[in-house]
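Chemist: All chains, please: the whole structure from these sequences, using the hints.
Chains X and A are the protein sequences, given in the same order.
Just so you know, we're using this note's numbering here: the first sequence kicks off at -6 and counts up by one.
Just so you know, we're using this note's numbering here: the second sequence kicks off at 2 and counts up by one.
One or more of the hints may lead you astray.
SDA-like mimics (lysine to any residue), calculated; alpha carbons at most 25 Å apart, straight line [as the list claims (entries may be wrong)]:
#, chain 1, residue 1, chain 2, residue 2
1, X, K18, A, R411
2, A, K317, X, G74
3, A, K413, X, S24
4, A, K106, A, Q124
5, A, K375, X, V336
6, X, K254, X, P55
7, X, K18, A, M398
8, A, K414, X, L227
9, X, K254, A, S415
10, X, K18, A, L80
11, X, K279, X, V336
12, A, K317, X, T69
13, A, K342, A, M398
14, A, K375, X, L278
15, A, K186, A, Q118
Honestly, the hints are just simulated from the structure, not real lab data.
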Amino acid sequence: MLRRALNWLADRAGVDSIRSFLAHKTVPIHSATIWYYFGGITLFLFVIQVLTGMLLLLYYRPTPNEAFETVQFIITRVQFGWLVRSVHSWSGNLMVLSAMIHMFSVFFLRSYRQPRELIWLSGMVLLFLTLMFGFSGYLLPWNTLAFFATKVGTDMAGLVPVAGSFLRRFLRGGDEVTGATLTRFFGFHVAVLPGLTTLLLLFHLALVQKWGMSSRQRSGEPVSTMPFFPNFVLRELIAWYGALGVLGTLAALFPWELGTKADPFASAPAGIRPEWYFLAVFYTLKLIPSKVLFMDGEVVGIVVFGLAAAGWMLIPFWDRQPEEAEQHRLLTGVGAFVIAYLVVFSVLGYWR
Amino acid sequence: MKLRWMAPIFVMALGLPAQTAKNSCVECHAALEGDLARPAELFANDIHGKNGFSCVACHGGDPSSDDPEVAMSRGRGFLGKIDRRSVPARCARCHSDANLIHRFKPQQRVDQLAQYQTSVHGQRLAAGDVKVANCIDCHSVHDIREVSDPLSPVYPLRLPETCARCHADAAHMQGYRIPTDQFEKYRKSVHWEALAQRGDLSAPNCATCHGNHGAAPPGVASVAMVCGSCHVVFENLFVKSPHKKAFDNMGLAGCVVCHSNHDVEKPTLALVGVQPGAVCLNCHAKGDKGYEAAMQMRSRLEQLAASLGRSDDILKMAESSGMEVSEARLGLGTANESLVKAEVDLHSFDPAMVDGAVAKGLEVAQSSYRAGQKALEERDYRRKGLALSLVTIVVTMAGLWLAVRELDNRRKKSS
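Modeler: See the structure below:
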C-alpha cells in the first residue's frame, strides 16, 4: 500500500526525471574549485536569513515606540530569542562577505565571459540587493547607532545628481529619519527585497544550470568533472556545515549588541559610521575636498563611485575574449586594486 | 529730583545724537599715539557706543568742534579724566535712572550704586581709599561690554580672574589684612571645575557668594544661608541637625567648617567617620555620641558603596561578554541614587535617616548583582551549547568528508 502510494507520488512529481537529471549533471574540477562553494554558502546564508527573519517577525513591531522594546524583549525574554536575533544579524553580515568573495572569485576565474554575461549581471544586482538588505535591516532595532547611520546613509543617497533629493525623500518617507522611515525600511526589508531577491536568485540559478560552471580549461584540453550528486552536493554540504559552525560561534561568543534606544532629538554621538561594507565609500567621501572644481566634492565622489560600479558591472562587455583565454593583466590588476582599496579604506574608515 | 524730568533731554544732548553727529573726540584721539589713542580704539567695542552714546556722555565737552580749546573747554562742561572717587556717581547718573536704562534693557536693575555703597569697596572709597575697586576696575573702561559677552571681564567664566587681579596681588592688598590665596584655592574647588572645565555658567563664582556690586564677606551667621541658596536640601537638613546649635554656640560658621570655603573639594566618604583625615574627628573624640554616630554612618555608606562596586563589576563582565543586562544596569542607577540620597541625608547627622536610604540602595544593588550572576550563568550555558554544537558539526563534516573520499575512490576504480 505504502509502496503504491510512493510510486504514485514519484510518478506525478516526475521524480525519475529529477533522478535522471542528477545522475547526468557534472561539475568541472580544477585547482580553483574551492571558490565555487562561496555561491552555495551565500545561498545557505540567505536561507538562514529568511528562516530567522520569519521567527523575528513573530515578535517584532516596526514603530518608533515599540521597535527597540520588541527587539529587547526578543533577546531577553523569548526562549533562544537572543540566538535567533544574533544569527540573523551575523548571517546578514557573513552573507555580504560571502557574496563579495563569490563576486571576486568569478571575476578572477573569468567566469563572467560569454555566454555567462547575464549570470554576472544578475549576480551583481543580487549583491546590490544584499547590501540593501543590510542597509534597511540596520535601522529596524531603532537604536542610536542605527538611527544616525541611517541619517548619514540617506544623506549620501541624497547626493546623487538630479534624483538625489527625490531618492532621499523616498527612502526617508519625508525630510527626516522618522517613524515613517522605519515603516518604509521594514516594508523593503521583509517584502520588497525578499520578493525581488527570490525571483532574481531563481533566474541566476537557472542561468547557472543552463550554461554550467566555468571550467577554466584551455580549448582542446579535456575537462575533468565530478558528478553533481552526490559528490559535489556532499562537498557543498561540508562547506555549509563549516559556515554554520562559524555563524554559531560568532552568534554565541559575540551576541549582536542592541545599544541604546534612538532619540531623534539628541545630537549625534561621536564616531558614527555605517556598516563595514559601506565604510570604504564613506571614508573616501570624507577625504574628498568640499569643492572639486565647480562641483560639490561629495557629489563628485558619488558620481565617480556610480561610474566605477557601472564599469565593473559591464566587465563582460569590455572583456570579449573567449572563455578559455587567459585574463588580461590589466583586468587582474584592476581586480587586485579594487580589493586592496576596499580593505585599506574600510580599515581606515573604521579606525579614524 | 527737580531735574529728573529733564533726563531724556539731557541724554539726547549728550549721547544719542552722537550716533550720527560729528565726534571730534574720536577723530582727534584716533590720530594721536599711545595712551591717548587707546580710548578711541577701544570705544568701537563699547556697549555705550553701540547704543549711541559718545565720549561726551561721561567726559563732557563739545564734540562738534574741531578746535581742542573749544571741544575740551570747561565752559562746555569738559571734565577730563574722571576722578576715581567720582566714577560710581558718574556711572550712576544713567544707571540709577530707571526711565533711561529701561529704554535699552527693560529688565536691567538700577540699584548698583546703592548696593556699591553698602559694599566694602564702596565704604572704603567713601572713606577716601582710592585703591579699592570701583565700576571701571571690574567692567573695564572705554570697551565696556555686556555681562553676557564672553569678552567682558565680568562674564561668569572671567569674573574670578577679574577679582583676582586685585585680591591675588599681595602688593596691592598690603595693608588690608586679608589673605591673597582665594583665587588659588578657588581653582582647586568643585565650583571652579564646574565653571571652567564643564563650562557651567551657573556654577558659583566669587559674586555668587559675596555679591557683586554689594560685595562683602559673608559673616559666620550667614555662611549656611550663602551655601543654602544653591544647596537648599543640605541647608534644610543642617539647620534641623544637632550641629546647628552646637556650631552657633561655638561661633563656627556652618558648611565651611567641614567643606572649607574657597577650595571646596568634591566630598568623598573619607570626610566622614573616625579614621585619620575624617573631619568629624576635629570635634568628636572616642566615647562621645557623635563619634559613635560618625562611625556608624561611615560604615553603612561604605557598605552600600562596596555593594554598588561589586554589582557594577559583575554587570561589566556580563556586558563585555555581550550579555544584555540593561534592566539590571537601570536598577543599579537607582541604587546609585540611593547612595547620593544617603550622602545628602548625612547632613542630618542622624544615623537612622542615613540607614533608611542605605537599606533601599542595598536591596536594589543586590538585585542587580543577582541579575549579573544570572547573565554570566546564561553566558556559560551558551558557551557549553556552542561547544556541543561545534563538536557535532565537526563530526558531521568529518563523516561527510569520509563519504566524499569513499565516493571519489569508487569513481576512480570504476573509471
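Chemist: Measure nothing beyond the straight line between the CA atoms of K254 of chain X and P55 of chain X; if it is 25 Å or shorter, mark the hint as holding.
Modeler: holds, 14 Å
Chemist: With the threshold set at 25 Å, check whether the alpha-carbon distance from K18 of chain X to M398 of chain A stays at or below it.
Modeler: holds, 24 Å
Chemist: Could you grab the alpha-carbon distance between K414 of chain A and L227 of chain X and see if it respects the 25 Å cut-off?
Modeler: holds, 19 Å
Chemist: Hint check: K254 of chain X vs S415 of chain A, CA-CA at most 25 Å. Holds or violated?
Modeler: With a Cα-Cα distance of about 64 Å, the restraint between K254 of chain X and S415 of chain A is violated, given a limit of 25 Å.
Chemist: For the pair supplied as a hint, K317 of chain A and G74 of chain X, is the alpha-carbon distance within the 25 Å limit?
Modeler: holds, 22 Å
Chemist: Can the restraint linking K18 of chain X and R411 of chain A be considered satisfied, given a maximum Cα separation of 25 Å?
Modeler: holds, 18 Å
Chemist: What's the verdict on K106 of chain A and Q124 of chain A, does the C-alpha distance respect the 25 Å limit or exceed it?
Modeler: violated, 28 Å
Chemist: Run the distance test for K279 of chain X versus V336 of chain X: straight-line Cα separation, threshold 25 Å.
Modeler: holds, 17 Å
Chemist: For a C-alpha distance cap of 25 Å, please report whether K375 of chain A and L278 of chain X respect it.
Modeler: Judged against 25 Å, a Cα distance of about 45 Å means the pair is violated.
Chemist: Given the hinted pair K375 of chain A and V336 of chain X, is their alpha-carbon gap at most 25 Å?
Modeler: Violated - the C-alpha atoms of V336 of chain X and K375 of chain A are around 40 Å apart, more than 25 Å.
Chemist: Are the Cα positions of K413 of chain A and S24 of chain X separated by 25 Å at most?
Modeler: Distance of about 18 Å is within 25 Å: holds.
Chemist: Assess, step by step, whether the Cα of K186 of chain A is no farther than 25 Å from the Cα of Q118 of chain A, and give holds or violated.
Modeler: Not satisfied, since the Cα-Cα distance of roughly 28 Å exceeds 25 Å.
Comparing the model with each numbered hint stated earlier shows that hints 4, 5, 9, 10, 13, 14 and 15 do not hold.
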